[in-house]
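Asker: Each chain, letter by letter, is given below.
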Amino acid sequence: MTLLIKNGIVYDPLNGVDGEVMDICVENGRIVEKIDEHNAQIIDASKMIVMPGGVDIHTHVAGAEVNSGRLLRPEDHVHDVEPKTSITRSGVGHSVPSTFTTGYRYARMGYTMICNPSMPPLEARHTHEELEDTPIVDKATFPLLGDWWFVLEYLRDSLIKECAEHVAWMMVATKGYAIKIVNPGGLEAWGFGRNVRDLDDLVPNFNITPREIVRGLCMVNKILNLPHTIHVHTNRLGQPGNYITTIKTMECVEDLAESSKPAIHITHCQFSAFKGDSWQNVRSGAEEIAKYVNRHTHVTLDMGQVIFTDTTTMTADGPWQYTLYELSGNKWVNHDVEVETSSGIVPFRYRRKNYVHATMWSIGLELALLIEDPWKIYLTTDHPNGGPFTSYPRIVSWLMSGRARARTLKRINEKARARSLLPSIDREYTFYEIATVTRAGQAKALGLKNKGHLGVGADADIAIYNINPKEIDPSKDYKTIRKAFSRAAYTIKDGEIVVKNGEIVKTLSGKTYWINFESLSLERGSSNCSRVVADLKRRFREYWTVEFENYFIPESYIGPSTPVSIKMGMCKE
Amino acid sequence: MIFQITPKYQFRVPVYAECISPDVFNGKKLDEIVKLKAWEGNKSRSLGDLFNIKIRRETELSADELIINLAGDFSKVRKIGANMTSGKIIVDGNIGMHLGENMEGGEIIVNGNADSWVGGSMKGGKIEIKGSAEDYIGAPYRGSVEGMKGGLIIIHGNAGRETGCLMRGGLIKIHGSVKHFVGVNMIDGTILVRGNSDGKAGAGMRNGKIIICGYIPSVLPTFTIDGIRSSTKVNGEKISGPFYRFIGDVADDGEGKLFISKAKNPHLKFYEKYLE
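In the order they appear, the protein sequences are chains A and B. According to our numbering, the first sequence is numbered sequentially starting from 12. According to our numbering, the second sequence is numbered sequentially starting from 42.
None of these hints come from the bench; they were simulated from the model. None of the values given here were measured: they were computed from a predicted structure. Each hint should be verified, as a subset may be incorrect.
Capping the alpha-carbon separation at 30 Å, the derived lysine-lysine pairs in DSSO-like fashion look like this [claimed, not checked]:
{"no.": "1", "chain 1": "A", "residue 1": "517", "chain 2": "B", "residue 2": "84"}
{"no.": "2", "chain 1": "A", "residue 1": "494", "chain 2": "B", "residue 2": "78"}
{"no.": "3", "chain 1": "B", "residue 1": "214", "chain 2": "A", "residue 2": "342"}
{"no.": "4", "chain 1": "B", "residue 1": "241", "chain 2": "B", "residue 2": "129"}
{"no.": "5", "chain 1": "B", "residue 1": "78", "chain 2": "A", "residue 2": "95"}
{"no.": "6", "chain 1": "B", "residue 1": "305", "chain 2": "B", "residue 2": "220"}
{"no.": "7", "chain 1": "A", "residue 1": "342", "chain 2": "B", "residue 2": "241"}
{"no.": "8", "chain 1": "A", "residue 1": "342", "chain 2": "B", "residue 2": "190"}
{"no.": "9", "chain 1": "B", "residue 1": "220", "chain 2": "A", "residue 2": "342"}
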């Protein structure tokens, strides 16, 4: 199928296109230089914004933990029901929508790629099953390896090469895309009812510190040549005074960075940017973090913006979820994934009039506005922890309009308002910057060569929004911006029109991206990394409830599969 | 104006008819009312497909005086009177689940039995059931913690389990008996049971008041005896005792008051030694 998008006002930051009127040609799911106009379907995009399809670097949409969240929250579903249509399936859910609805809602906002950032390796099969049922969007998922016994032991014994081989095996076995680290060391400690207090606190029974874990996995990431950096949820997340830990975590890999390439991604940074020493005097540490990030090139962040709504928090950070349960008194789930990781789920309502919640709202926006380079910070809510992903358009309007921020600021807790830095910030994002923080930057950070841009050869994932930047002043008409970004005029996925005027007109299955190592010949349970596999097999007999042979997920098991081949030049014995 | 609604046939699957409510009917003509949407199982139907609707008396009355009379077997019809704020619904027959859910005002009278979730999460108004009701009276939807906040529910017969679950205000009066877990996780409000209770009364309650005038097999060990009262008051009405007065649920740092009839529960006499 060939498509011609005519006269659109194009924002394509990766190719430096800033609001130029251009035609985009699509053929066989790719963007091409030229097509035969007579045979092509023509979309008249004059007076409309054309951007690459949105990319979400961090959103909990699939897996055992999300599914437990769905089970825990019937009251979240009952008021948000989507009946089936002739094209789409029915679904429910505000903060933890069912799989099909997740795909449709992302597509309606013009998103075409999402990353599920926390997958306990044991639950990888379940995660891939749900990802397969999430239509339209492309997917990638990150296995949790920061508290993985093997990693802790290899790193303790300074066996970096073996650790890299092991991580490579895990990446292929679970069909993952990047290394996710959650509260390094803390989750293992939580197995014994404890937590780690700082970057240099020893992990019980392992004689290793979180600093060594982060540095070790950062080196592994480099050896393996993975397209994304390590994806880190910091220690002490959600505790007052944790901004120091966050800065220390960024500092600890400073020397491992190569030239201007990022070496670490700090995810949902808002939750890791608290100053103060108790909930009563918690303040924003956004200024300090922004100052550090502005001076360094090896870090990327995502916001983890809080929205004032009823949502469901879920993370692998068991100890933090326990704290949250104690704070809220809500029902909760706490789960220990055998020897691998922990997790917790607590329903939570962020309230405008609550000092802490209002401060958190402010911190997220301060981070996005104080960090000068939009290539370093990306728009997320850590769905569903800060709020559902459907609130992205609202965040876009806050970033683009000081008035929109002032309007919400007027309605929040008085003490939080007095301490917020927002009134002193005049910066308003341009469409070019919005395109960076919602797609281009994220695609670049993920190392996805064909996503996040509209250059020749890129995947034909395109979002068209009904806004004319020449006529509209985003600062004043923030409501129009919000509406336009919630309902894309067109979403094009792999060259097919999937959304028209905010309604799904066609569904297709999205691809799953995973890392395949060229030099590593892996088959079901066997590998040429003999030592690593021998280690694994021995431990599996002792500690796991599943057989080693059943652990490895064959490629045929996952939906439309897109292996990303990586050269690492190891394991050639 | 008085509307009369009768089922056209015996329903075999649940019917969700939220639109049967004085607030929805108010200001509408009969031909508009029969076009209102309801669900029968997974099929979308119009009200006219399922029910015979007629106007019994046509007078220009205000919304407060609008009456809907349901006659026949409505035991499969759910969510009647949901979110209503005024007017009156009179049911001659049995009624299905979620009667008067989230109701804010007005009145519902049932001359028959009711299913579960009578007045779920209700905020105001009055529901009176002349027969018995099933479980979860005044309780929120599954998973939610927003229990009954205000209003009055009167059951002349018996009630099921978890009556007044997560209740935050208002009054529930049961003239008959209740099954297990009356007032479970109650936060505030009052429950008066004239008959017996199957036990576990007030489990997890944090505040509020439960009065049981009949027999109870035992009081949970997480309640401490506080004293003996000759009578207690419910909305100004004097309920004569004497009653054992317990405080709990201590396991949840609760300060709820549980009144248990002394005369009907001689087996609880051993508690009196803790009062000396």
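Asker: Hints first: check each against the structure and report whether it holds.
Answerer: Right, here's what the structure says about each hint:
A threshold of 30 Å between alpha carbons decides the hint, and for residue 517 of chain A with residue 84 of chain B the separation of about 24 Å falls inside it, so the pair holds. Taking the CA atoms of residue 494 of chain A and residue 78 of chain B, the gap is near 29 Å; set against the 30 Å cutoff, the hint holds. A threshold of 30 Å between alpha carbons decides the hint, and for residue 214 of chain B with residue 342 of chain A the separation of about 29 Å falls inside it, so the pair holds. The suggested pairing of residue 241 of chain B with residue 129 of chain B is violated, with an alpha-carbon distance near 35 Å, which exceeds 30 Å.
Among the hinted pairs, residue 78 of chain B with residue 95 of chain A is consistent with the structure: their alpha-carbon atoms are about 17 Å apart, no more than 30 Å. Restraint check for residue 305 of chain B and residue 220 of chain B: the C-alpha separation of about 17 Å stays at or below 30 Å, so the hint holds. Between residue 342 of chain A and residue 241 of chain B the CA atoms are separated by roughly 21 Å; this keeps the pair inside 30 Å, and the hint holds. At most 30 Å may separate the alpha-carbon atoms for a hinted pair to count; residue 342 of chain A and residue 190 of chain B meet this at roughly 20 Å.
Pair hint residue 220 of chain B plus residue 342 of chain A holds up; C-alpha atoms about 25 Å apart against a cutoff of 30 Å.
Hint compliance for this structure: hint 4 alone is broken.
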